[in-house]
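2 protein chains.
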Amino acid sequence: MNLGSSTEGKHTTFPLIDTDVHERFASIEQLLPYMKEPFRSYMSNWTGWGELKYTHPIGGSRLDALLPNGAVPGSDYDVLREQLLDRYDMKYAMLTGLFYPATMEAQFELAAALASAYNDWMIEHWLERDERFLGSIHVAPQMVETAVREIERLADHPRIVQVLLPIGTAPYGDPHYHPIFEAAERHNLVVAMHQGNSVQSPFGTPRYYIEWHIVLSQAFMSMAVNLIMNGVFDKYPRTRIAMLEGGFSWVPSLMWRMDQNYKSLRMEVPWVKRMPSDYIKTHFRFATQPIEDPSPADMLKMVELMGSDELLLFSTDYPHWDFDSPERSLPTSFPDSLKRKIFYENARDFYQLT
Amino acid sequence: MNLGSSTEGKHTTFPLIDTDVHERFASIEQLLPYMKEPFRSYMSNWTGWGELKYTHPIGGSRLDALLPNGAVPGSDYDVLREQLLDRYDMKYAMLTGLFYPATMEAQFELAAALASAYNDWMIEHWLERDERFLGSIHVAPQMVETAVREIERLADHPRIVQVLLPIGTAPYGDPHYHPIFEAAERHNLVVAMHQGNSVQSPFGTPRYYIEWHIVLSQAFMSMAVNLIMNGVFDKYPRTRIAMLEGGFSWVPSLMWRMDQNYKSLRMEVPWVKRMPSDYIKTHFRFATQPIEDPSPADMLKMVELMGSDELLLFSTDYPHWDFDSPERSLPTSFPDSLKRKIFYENARDFYQLT
Numbered sequence: 001m002n003l004g005s006s007t008e009g010k011h012t013t014f015p016l017i018d019t020d021v022h023e024r025f026a027s028i029e030q031l032l033p034y035m036k037e038p039f040r041s042y043m044s045n046w047t048g049w050g051e052l053k054y055t056h057p058i059g060g061s062r063l064d065a066l067l068p069n070g071a072v073p074g075s076d077y078d079v080l081r082e083q084l085l086d087r088y089d090m091k092y093a094m095l096t097g098l099f100y101p102a103t104m105e106a107q108f109e110l111a112a113a114l115a116s117a118y119n120d121w122m123i124e125h126w127l128e129r130d131e132r133f134l135g136s137i138h139v140a141p142q143m144v145e146t147a148v149r150e151i152e153r154l155a156d157h158p159r160i161v162q163v164l165l166p167i168g169t170a171p172y173g174d175p176h177y178h179p180i181f182e183a184a185e186r187h188n189l190v191v192a193m194h195q196g197n198s199v200q201s202p203f204g205t206p207r208y209y210i211e212w213h214i215v216l217s218q219a220f221m222s223m224a225v226n227l228i229m230n231g232v233f234d235k236y237p238r239t240r241i242a243m244l245e246g247g248f249s250w251v252p253s254l255m256w257r258m259d260q261n262y263k264s265l266r267m268e269v270p271w272v273k274r275m276p277s278d279y280i281k282t283h284f285r286f287a288t289q290p291i292e293d294p295s296p297a298d299m300l301k302m303v304e305l306m307g308s309d310e311l312l313l314f315s316t317d318y319p320h321w322d323f324d325s326p327e328r329s330l331p332t333s334f335p336d337s338l339k340r341k342i343f344y345e346n347a348r349d350f351y352q353l354t
Numbered sequence: 001m002n003l004g005s006s007t008e009g010k011h012t013t014f015p016l017i018d019t020d021v022h023e024r025f026a027s028i029e030q031l032l033p034y035m036k037e038p039f040r041s042y043m044s045n046w047t048g049w050g051e052l053k054y055t056h057p058i059g060g061s062r063l064d065a066l067l068p069n070g071a072v073p074g075s076d077y078d079v080l081r082e083q084l085l086d087r088y089d090m091k092y093a094m095l096t097g098l099f100y101p102a103t104m105e106a107q108f109e110l111a112a113a114l115a116s117a118y119n120d121w122m123i124e125h126w127l128e129r130d131e132r133f134l135g136s137i138h139v140a141p142q143m144v145e146t147a148v149r150e151i152e153r154l155a156d157h158p159r160i161v162q163v164l165l166p167i168g169t170a171p172y173g174d175p176h177y178h179p180i181f182e183a184a185e186r187h188n189l190v191v192a193m194h195q196g197n198s199v200q201s202p203f204g205t206p207r208y209y210i211e212w213h214i215v216l217s218q219a220f221m222s223m224a225v226n227l228i229m230n231g232v233f234d235k236y237p238r239t240r241i242a243m244l245e246g247g248f249s250w251v252p253s254l255m256w257r258m259d260q261n262y263k264s265l266r267m268e269v270p271w272v273k274r275m276p277s278d279y280i281k282t283h284f285r286f287a288t289q290p291i292e293d294p295s296p297a298d299m300l301k302m303v304e305l306m307g308s309d310e311l312l313l314f315s316t317d318y319p320h321w322d323f324d325s326p327e328r329s330l331p332t333s334f335p336d337s338l339k340r341k342i343f344y345e346n347a348r349d350f351y352q353l354t
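Just so you know, the protein sequences line up as chains L and H, in that order. The first sequence runs 1 to 354 under full-length UniProt numbering. The second sequence runs 1 to 354 under full-length UniProt numbering.
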């Protein structure tokens, strides 16, 4: 919500885990050394992977993350370390990239080659550079079997903790995508879902960025319903879903609505064995950024309505314009035990970190 | 949520307004006398207007509303009067039909002719039969100017209180549709929005009815955002929107998210002059059915988080399977003053009834 100013001190005495940090390449050419032919040649005429449809009204990144050399914010390890890792004394920062081959609408083999190259680049240039980084496997879910092979290839890396699926127009709960969850479960990886550029409203493409940026949380709601009602958690009971940058204050309402419908209509989905809210509480976690700012008392009420203090994971979304500083993200009036869980313990437990 | 059993007594001592009652025709042939050529001839080969894509797992209507003659539930005035109007001593029941020319994807002139015929049939067979009925003007918003003419034609009827727009795939906030809001405002009519058959998730058509029935509330959220960010309430400041059968427990979360985004990004939509939550509280009301059933204390907390006790309107959705009985809809532990507002006063004030 707000940037911390540089004159502020350390946020709290709690350790921190940041579950959404966007490391970037300065240029896609940095991936070329990790690509084989024929895909490397494709890149001489690279046209992008479905860019965001909007010009950002106020710029997409923190102004202080713009680099002196004009490079992309988030692309310089030293700056990121200074602005994020050291400044807040972070125990772990989960690298989620900003990378959308998963939403390419054509040339899926190229998408898979890009994902693979990115993963190798990320491991070499980020993950192996700082022990505080934890990594995500990017895949091209357009080709499920290829995505599974990419998961197999990298799952054993000791600091790879999750598979990242951007939320776009693909309903990942549908059986077509199930092998990805099977592979993630088998390798004890979380499946992280982060907004992608191609999110739509039920009416298609909103006219304005502000409208799009508001309604994209509804794609997260639809995804949660889609995963639960298509039986992902019954089929793969150790599946863990981290929802990143989709908000969380909608969770109580959605749990109520799902439970109410399940009570009446469960005969249609007999493979769904438990109350939908049980799946939410067991299998889902929600990153806090961009945290909303009602009164602290109202926000605390909403967290209480979630029925568990274990569902929220702290995130900053560094280096983006709506970065949530650890110093200002959670209301100071939240109980210390809750802050400790959100800033650290919930992520530690969900990701099984030590 | 639950049907009242016939052994129960009267619900409360409060008067009632039911804001969502589905009067139906027993057969679409009942509209023929109200149609002119060439459209009347089209109906000899009527193929429907985009039916619901799902077989209803447990049947779409209350079992006790099935008529002995096999006719469509909601199609018999005497049964409706007995099961709803007299049983609960209703002061008003708002007729919303179950009628989807608004979502026809072709032959829009036929859609408009059907809407017009329906309106005439509804006025003659329902509205003029019982003083407790209040009526909705159905239109075909596919042709905005024609829709405006239909509003003009019927707006002066003393018991017509609103224009009904089904929520489907059309973003009614977009400027293309603004003349409808202009006409409604000029005639001091509410614009009611009710779910339509064609609601989609951000991923298209959900595989199951239960999934669809859960996610359709997200189309209401998207519509609220679409109306506000496209400046409908700044352009037509007396516009009033009644959202029917879309739920309400999502309203606090959406208000927070809209306000947060507005604080950062309002420069993109300079015609939006006030905080989005102000528009919600001033211009929107939400019908209660299908009310969810968390603990009464949790539901009361959520209503408090709406920041106003004037936003909810009672509705039953008669004669559908998920009918909310006035006897069981609101938690009995709700304060009497709140129950009185929801059951009666809020609708009376919003619809300017006496």
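None of these hints come from the bench; they were simulated from the model. A portion of the hints provided could be inaccurate.
[Said to hold, decoys possible] Below, a list of computed lysine-lysine pairs in the PhoX-like style, where the Cα atoms sit at most 25 Å apart:
(1) H:301 - H:281
(2) L:273 - L:263
(3) H:273 - H:263
(4) H:53 - L:301
(5) H:53 - H:91
(6) L:301 - L:235
(7) L:53 - H:263
(8) H:263 - L:263
(9) H:301 - L:281
(10) L:53 - L:91
(11) L:273 - L:301
(12) H:273 - L:301
(13) H:301 - H:273
(14) H:281 - L:301
(15) H:273 - H:235
(16) H:235 - H:301
(17) L:281 - L:301
(18) H:281 - L:263
(19) L:235 - L:263
[As the list claims (entries may be wrong)] Some but not every residue of chain L turned toward chain H, in silico, with C-beta under 10 Å:
(20) 168
(21) 206
(22) 214
(23) 236
(24) 237
(25) 253
(26) 334
[To be verified] Covered by chain L, according to a simulated footprint, are these stretches of chain H (three or more residues, beta-carbon under 8 Å):
(27) 264–270
(28) 289–302
(29) 325–333
The beta-carbon is built from N, C-alpha and C at its ideal position, and this holds for glycine as well.
Legend entry - Earlier hints that do not hold, by number: 4, 5, 6, 8, 10, 11, 12, 13, 16, 18, 23, 24, 26, 29
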